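Visitor: Here the protein sequences come in this chain order: A and B. When the first sequence is numbered by the numbering used here, its final residue is 99 and no position is left out of the sequence of numbers. When the second sequence is numbered by the numbering used here, its final residue is 1263 and no position is left out of the sequence of numbers.
In case anyone wonders, no lab produced these hints; they're calculated from the structure. Note that the structure is predicted; figures quoted are calculated from it, not measured. All C-beta atoms in this analysis are idealised placements derived from N, C-alpha and C, irrespective of residue type, glycine included. Keep in mind that a hint or two might mislead.
[What the hints assert, rightly or not] Derived list of chain A stretches under chain B, where covered just means 3 residues or more per stretch with a C-beta under 8 Å from a C-beta of chain B:
no., region
1, 13 to 27
2, 38 to 50
3, 72 to 82
[Stated by the list, open to error] Some chain A residues near chain B, calculated using beta-carbon distances under 8 Å:
no., residue
4, Met54
5, Val62
6, Val64
7, Ala65
8, Phe67
[Stated by the list, open to error] Some chain B residues well away from chain A (every beta-carbon gap over 12 Å; in silico):
no., residue
9, Leu1035
10, Ala1051
11, Ala1106
12, Ala1196
13, Leu1209
14, Val1234
15, Ser1256
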Amino acid sequence: MSQERQPAFDRAVARVLRTGAFGGFFIMLAGLILSGFVPGRVPLAVERTGVLWMLATPVVRVLVACFLFFKQKDWKYGWISLGVLVIVMLGSVFGIGEH
Amino acid sequence: MLVSVLLAVVGFVAGVLGALTGIGGGVLLTPILALHFGIPIREAIGTGLVAVITTSAASSSVHLQRHTTDIRLGMTLELATALGAAVMAYLAGYFNRSVLEGLFAAFLAYSSITLLSKGGKLNEESGGWPENGEIPPYQPQRYPLGLGASLVAGGLSGLLGIGGGPIKVPVMFIFMNVPLVVATATSNFMIGVTAAASAIVYYRRGDILPGIAAPLAVGVFLGSLLGARLAPRVHTKVVMYLLVGIMLYLAGHLVSHLLRGAA
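When you get a sec, could you build the whole thing from the sequences and use the hints?
Guide: Dropping the structure here:
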């Protein structure tokens, strides 16, 4: 590795991604099953929640890595992670009010 | 409901093929949504991104547990991929349908050629593991080149909703002196953040359709889990020809769709 290997760091980030993928999957699956039985807007709202959960997963992953880098006083990569976070969040400013 | 089931099945098949060949299922989904489900190309791209994020999160959590991902390298290059993705996702709002469809057809043709030129050696690409389980020590080099290539890969991802792996993996491996296993895992790791940077823009614009994205992502997720299990037992050459056949069919279909639209 480019730096020393840190299995605990890898595991923490892996846990975020696994929770995100499986959580999003089950929420979307629930929405899908609901759409077969429940009329109206509820199933779509559940599906939308699943989509937003999935979109948030990589953001939370960067946030957790950023926190861990700062916690172990790895300033350089802490700031880099914070930069990535800012750029990703820029997207939510870009998209406003268009179509 | 019938459409949802059909979408889940399509996602499942794309997920299996994507995991078997290591290219990810998103490349197939966007043109299928556009051509066979009548969804405008920009919505198809935005909706496909949700499936890309889901598979990237699931597969990179596996790579991380094997400790083959270089988080620091990935995070550094993400500065460039996320920037490229966000900017191009924004600009995609101003590109007309024909341009996006034409670019997508070109990308499908390019992916087919790279797959064919690699021949049957696909398993290394999809994250093979060194025989003795040890990764040799290395030091990433030529960061400016890596960041430049990442900017391009991120831009492509933002514009077309694809992962950009075919660019990042060779750049890390050949130019940055990173072992192939690590380059593959790290590229996969970066795809989630890159796709999220553009997906947020598409979502704000209303270009992600949750009713379509949910069945698709559910199918892709299950398909890629199965594909990853099957990978060691399936003859990849057969799968490769199948995938190349589907990609060329979709590219041709997109071009004829374009020509009909222009006439």
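Visitor: If a hint holds in the structure, say so; if it doesn't, say that too.
Guide: Hints and how they fare:
1. Only residues whose beta carbon comes within less than 8 Å of a beta carbon in chain B count, and the region 13 to 27 of chain A has 10; three or more means the coverage holds.
2. Coverage of a stretch by a chain is defined here by at least three residues with a beta carbon nearer than 8 Å to that chain's beta carbons; for the region 38 to 50 of chain A and chain B the count is 4, and the condition holds.
3. For the region 72 to 82 of chain A, the assignment as covered by chain B holds, since 3 residues bring a beta-carbon within under 8 Å of that chain's beta-carbons and 3 suffice.
4. Interface hint status for Met54 of chain A: upheld, as the beta-carbon distance to the closest one in chain B is roughly 5 Å, under 8 Å.
5. Interface restraint check: Val62 of chain A against chain B, minimum CB-CB distance 6 Å, threshold 8 Å, status holds.
6. The interface hint given for Val64 of chain A is broken, as the beta carbon of that residue sits about 11 Å from the closest beta carbon of chain B, more than 8 Å.
7. The interface hint given for Ala65 of chain A is met, as the beta carbon of that residue sits about 6 Å from the closest beta carbon of chain B, less than 8 Å.
8. With its C-beta approaching chain B no nearer than about 13 Å, Phe67 of chain A sits outside the 8 Å limit, and its interface hint is violated.
9. The Cβ of Leu1035 of chain B sits about 23 Å from the closest Cβ of chain A, beyond the 12 Å cut-off, so the non-interface label holds.
10. A Cβ of chain A approaches the Cβ of Ala1051 of chain B within 12 Å, the least distance being about 9 Å, so the stated non-interface status is violated.
11. With a minimum CB-CB distance of about 25 Å to chain A, Ala1106 of chain B clears the 12 Å threshold, and the non-interface call stands.
12. Non-interface call for Ala1196 of chain B relative to chain A: violated, since the shortest CB-CB distance, roughly 4 Å, does not exceed 12 Å.
13. At roughly 9 Å from the closest C-beta of chain A, the C-beta of Leu1209 of chain B falls inside 12 Å, breaking its exclusion from the interface.
14. Distance check for Val1234 of chain B against chain A: the nearest CB is about 23 Å away, which clears 12 Å, and the non-interface claim stands.
15. The beta carbon of Ser1256 of chain B sits about 28 Å from the closest Cβ of chain A, which is more than 12 Å, so the claim that it is off the interface holds.
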